[in-house]
Every structure is written in C-alpha cells, then in structure tokens.
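Novice: Below, each chain spelled out in residue letters.
2 protein chains.
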Amino acid sequence: MTTTPPLSLDMRLETVLAGLERGDTAALARAISLVENQREGFEQLLSELYRKIGKRNAQRIGITGPPGAGKSTLTEQLVRAYRERGLKVGVIAVDPTSPFTGGALLGDRIRMESVSLDPGVFIRSMATRGAQGGLATTTEEVADVLEAFGFDRILIETVGVGQTELDVAATAETTVLVLVPESGDGIQTLKAGVMEIAELYVINKSDRPGADKLRQEIEVMLGIRKGNAFVNVRPHHGPAAAKGGAGRRGETAAKTDWEAPVLTTVASKGEGISELIAALERHHEFLVTSGMLAERRKQRLATRTRAVVNRAIRQWVWDETRAEDLVNKRLDEVAAGTRSPYDVAAEVLQQVRNGK
Amino acid sequence: MTTTPPLSLDMRLETVLAGLERGDTAALARAISLVENQREGFEQLLSELYRKIGKRNAQRIGITGPPGAGKSTLTEQLVRAYRERGLKVGVIAVDPTSPFTGGALLGDRIRMESVSLDPGVFIRSMATRGAQGGLATTTEEVADVLEAFGFDRILIETVGVGQTELDVAATAETTVLVLVPESGDGIQTLKAGVMEIAELYVINKSDRPGADKLRQEIEVMLGIRKGNAFVNVRPHHGPAAAKGGAGRRGETAAKTDWEAPVLTTVASKGEGISELIAALERHHEFLVTSGMLAERRKQRLATRTRAVVNRAIRQWVWDETRAEDLVNKRLDEVAAGTRSPYDVAAEVLQQVRNGK
Chain A
8 MTTTPPLSLD MRLETVLAGL ERGDTAALAR AISLVENQRE GFEQLLSELY RKIGKRNAQR
68 IGITGPPGAG KSTLTEQLVR AYRERGLKVG VIAVDPTSPF TGGALLGDRI RMESVSLDPG
128 VFIRSMATRG AQGGLATTTE EVADVLEAFG FDRILIETVG VGQTELDVAA TAETTVLVLV
188 PESGDGIQTL KAGVMEIAEL YVINKSDRPG ADKLRQEIEV MLGIRKGNAF VNVRPHHGPA
248 AAKGGAGRRG ETAAKTDWEA PVLTTVASKG EGISELIAAL ERHHEFLVTS GMLAERRKQR
308 LATRTRAVVN RAIRQWVWDE TRAEDLVNKR LDEVAAGTRS PYDVAAEVLQ QVRNGK
Chain B
8 MTTTPPLSLD MRLETVLAGL ERGDTAALAR AISLVENQRE GFEQLLSELY RKIGKRNAQR
68 IGITGPPGAG KSTLTEQLVR AYRERGLKVG VIAVDPTSPF TGGALLGDRI RMESVSLDPG
128 VFIRSMATRG AQGGLATTTE EVADVLEAFG FDRILIETVG VGQTELDVAA TAETTVLVLV
188 PESGDGIQTL KAGVMEIAEL YVINKSDRPG ADKLRQEIEV MLGIRKGNAF VNVRPHHGPA
248 AAKGGAGRRG ETAAKTDWEA PVLTTVASKG EGISELIAAL ERHHEFLVTS GMLAERRKQR
308 LATRTRAVVN RAIRQWVWDE TRAEDLVNKR LDEVAAGTRS PYDVAAEVLQ QVRNGK
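So the sequence lines, in the order shown, correspond to chains A and B.
Everything in the first sequence is counted per the working numbering, starting at 8 for the first residue and increasing by one.
Everything in the second sequence is counted per the working numbering, starting at 8 for the first residue and increasing by one.
Take the hints with a grain of salt, since some may be wrong.
Which copy is meant is left open, because identical chains are indistinguishable; a pair holds if it fits in one copy or across any two.
Said to hold, decoys possible - No farther apart than 27 angstroms at their CA atoms in a straight line, the calculated lysine-lysine pairs in the DSSO-like style are these:
1. K305 with K336
2. K336 with K59
3. K276 with K95
4. K276 with K59
5. K95 with K59
6. K305 with K95
Hints in this document: simulated from the structure, not taken from any laboratory.
For reference, chain A alone in the conformation it holds in the complex (with noise of 0.2 angstroms):
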C-alpha cells in the first residue's frame, strides 16, 4: 500500500472550482458543505465563486410560513414547474435542528423524493442550529454557491416564523408567505412580524373550508398596508449580529406599486401552481424594471459584508488569540459570583487590543 501525500489546501479549492466548473454533482456537495461548516477556506473559495457569478441571474425565492402550511409540498410542485420550463433548480432546505441528534431534522423532505433524482434539481437541508456566524449569511453563501454552479431558480424554504427565519428568507429577492385557512387564528399574531415580509401570500389547501375568509382578512390587512406611508418599503432585515450600522441604514425608502398578489393552491394536487410561478415571474420582472433589484442586492451586499467582518473577527478571536484560555480560566469564578461575565469580556478585549 503506498499513501499518497494530502493535497495542499489550494490544490483542494482548485480540484472542487474545477468540479464545479465542468457541472460536477458532487463538487457541488464538497463545495456546499465545505461552506456550511466554514472549513478551511471556505472564504477563498466564495471570494473566487464571488467573481465568477458577478452579474448575477438566478433568482432566489423565500418560502416561508407556520408549520403544516405544506411548503414542502409546494415547493416540490414548484421545482417540477421549473422543470417543465427547462430551468435548473436548488433548494435550500432550512429546517429547525433537532437537538438531540444536532443535525437537520429532514422531515417530509422526503417528500421531496420524487425530483431528488433529477440532475436539473439539487436540494440541500441545512439545520438551523451550528451554523455560527449566522443563519442568513450561511444560506446566502450556500445559495452563491448554487448560483455559480448554474442554478436558475434557488428556493430557499424556511421551517417556523421566527426572526432567524425571517432573516434567512430575507436573503432572497422574493418572499412568499404560505399559509393555510386554518391560520386565520393566529393571523393577528403573525402579522406582526411575517405578514409584512412577503410580496406573495399564498393559501394552501385552499380547499378546506376558511379559505375564502382568509383571503379577505389578507386582504384587508393589504388595503391597510397600502394607506400607511410606508407601504411596500421593504424593511432591511439583516443578521442582528451584523453591527456598525447595517441594521439602522435601512432600504431607501422607494415607495413601488407592487400590489402583493393573494393566490390559492392546493399544493398536493397541483392546483394554482402556473399561476403561483407567473406572480413569481412577475415580482421579478418588476424588482428589475423599477431598479429595486439593484438596490436590494446592493443592502444585501452591504450587510453581508459587515456579517463577513464580523465572523472573521469572531475567528480570529477565538481561534488565534489566548481569547479561549482566559475564558476558561475564569468560568469558575464567574460560576461562584466572584467575577462577571462582564469583567471577563473586559479583560479579554484588554488582551486581544494588546495584540495577544
């Protein structure tokens, strides 16, 4: 048995942007995956993808809404629509972490079976928890990555309606807010945070009683929407942790006349997805005729960089300094109350500003 000597880490980046380049399936997983951990040189690797993909085409498409609304369902009947028109799709598939195994719950992905076979078609789960440095910014690359290899549609489907999912569906160009007519309960409480994110509702199973009601209270919601000054701004909704003003700069404050469309689907039979997949055409269409397209990937740009900064400090931090020695030595005495949390990151900022 001979051993053959480990590739140096350029000769690795060199072999996967070379599998990536001639369209090669698994090239693409390494690549993802190399990103999805932030192994090493995972940032070289973007910075080059970075230049190659420069004007970027794909669109990327949010999906997100409650639990049980079936946006695996539609999201598969999306991916065959868009293969039935000749384009390639990737799916980032953000699912809640489980957190006893630590990974992905995957879920009725498996539903999604009936495409994961089709070159045309990669899907990808990422879980929500480990990926450190921030959820929308890992999917972000993760979607670059997808874009380079060639993709023309990327949906990015998000599980649950927190703010790190509104965050990650944020990354995209068009959000989608499904839902089903039993959600009208909780529409008061979800408007709050998610209503207002989208440029397409959707009602799913909207053959179940409810879902006439429930486009009219969408609707209603709308019509107060479009009587408040801010109408259709959207909000700049980069990664809290992505300080030095990202957060506080915001969109320009263009006023548009997109009207968000309300459609009916019944995912599971097919039903409403042409017309789902035109509005999505159409939102498009509109981001580039009005500019909004360039100026929304500008601010995205502009907060992925501050996020970028931040999570290469972070490293540098924890991984070159004695940042983690000094903070283990103290654990104990923050356990016994003889030192704050406080006094310790003091020290530490003390010792990194010094150069250790």
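Keeping the supplied structure of chain A fixed, place chain B upon it in accordance with the hints.
Specialist: Below, chain B alone, put in the same frame as chain A:
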C-alpha cells in the same frame, strides 16, 4: 433659568443602582432600557447587579408556542396566580418586530392590562429586532435586572417558534410549550425543534375538540423519547453567535427521571392554572434536588460569557477601530463585483490586528 451640569456616567449609574435598591419602578424601567439598548455603562451596571444577585433565587420560566395558542392569556393567569400566592412577578414578552415601525408589536399585551397596574408585577415587551449581539443574551440580562430588583418569578414569553425564540426560551430553567387542539396538524413539524425543549406541555383551549387526541400524540412522542438514549438531556441552546466552543460543549449528559407532564388549560376561564403552577414548582424542585439547576446555570453562564465577549469585541471593532471607514470605502467595489466581501473582511482583520 439655571442649567445643571450633566451627571457623570458613574453618578448616573449610582442613581439607577440606588433606585433599584429601594424598589423604585422608574429606576427599574431605566435600568432595563440601558441594558436593552446597550447604552453606555450598561455592562458596568450588569456587573454590579451580577455581584448582587450572586446566589440566584428567582425561577425563570419560558413560555413558548405557535402564534394563536393563547400564551399571553396564560401568562396573565400565571401572573395572577403567583400574585395570589404573594410572589412578585416580572414578565419579559419577546415580540416579533414590526418591519414597518422597527418596534415591538404590543398586540395582545394589552390583554395583560388587568395585572399591569399591580406594583408587584412588571411587564416589559422586547423587540426581536434591534437586540444587537443576540436576543438570548439581552433577554437574560433583562431577566438579571428583574431578579436583582427582587422578583420571585420571571416569565419569558416568546411568540413564534423559530430558532431565535428557542434560544430565548432556553435561557429559562423551565420551558413550557403551549399548544392548542388545532396544533395537531403541525405537530410533526414542530416536533423537530420545539417539542423537544419543553419540560411541560400545556394544551390550552382544551375545551375545543381534539384536545385528547393531541395529548395522546404528545404522550406517544414522549414515550418514544423515553426509549431514546438521549432522553431528557437538555440540549445546549446557546446563541449560535457565541463561538469558541460554547455551542459544541453541551451539557453533561445526565439522565434524569423528569417525566414531562402534559397539562390541559382553558386560560381564558382560569381552568388548569393551579395545576400548572404546581407542575412548575415540582419541576423547579426537581432541578434543585437533582443538582441540574446548578449545572444548567453554570452552562448558561459559560455561554453567556462567550456571547458577552463577542459583543464587546464587535463593539470595539466597529466603534473604536477604523473598520467602519474601510468597509464604507469598499462597498462600491463589492457592489461592482471587483472585490468580494471576503477580501474586505481580510483587509479589516489585517487592520484590526495591526491595532488600527
């Protein structure tokens, strides 16, 4: 008119601390604002309070669940029941942020009106957005302030069931998951991330059809958990941002005998509240006698210390180095695609390392 010279930072902190000491609610509100908005001196204040609370006595209870489950009504009933028992109660209501106003949507907080005038009760809404440096950390810090003020029970209510909300709920020692009979549909999805963190399950609005079925479903799930080697190991829910081993360390895998009860309530009628209070007390006692409380607090402190260090470093980088200038100077090139966010991050890091 004479003008008084502005008080020095130290004197202002002294004033707040003295106010807290004598139970002045205005001082409490001010202290919380300082902490929530990370105003100058907030870390000094927390450091002082930290020494004061030392051996903590307040029980921190997380109340989470999907929108529309009646968490606010349940919280209000818990507050009343605790007050009848002579206990002082602080409530932190974590609200989804409105992208339009940037502030917390107070929505159904208004329902808590009946208890909000009681001086033994303090209710604070916190917006999910704007808590720079991690909502979980800020929530814990606000809870510290409440504890130092002398509240016996601290209820932390989160709306939404996403990752951020789970992280927040996990800062409590006892987490209650509130569901409604209609939740059955979504339970398979919820299960993934949310179901597993609870130590108590409440089926609210249990006078509606489906309550029994849901209870059975939960019990089946708990039965499966019991057969699992990881049963009742409380997962480590530190903010993903707290790099440096925190998220990977996890809690000691102590197996325990706590069997999570499934309770039924009709919060609007006050039904089942005493039973819930009793179960909460039982769980607290269990945590104390099993030694898990000490262990859990120690782990939380380690996570928190790392998060506080990260926040301090981030503030230093953006406020005291020239990082912001450099990033702003580079953003156009990033937008043009001639420079990647990673190039900029490397440049900033280099600058910070060189102590600029």
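Novice: Looking back at the hints listed earlier, which ones does the structure fail to meet?
Specialist: 4
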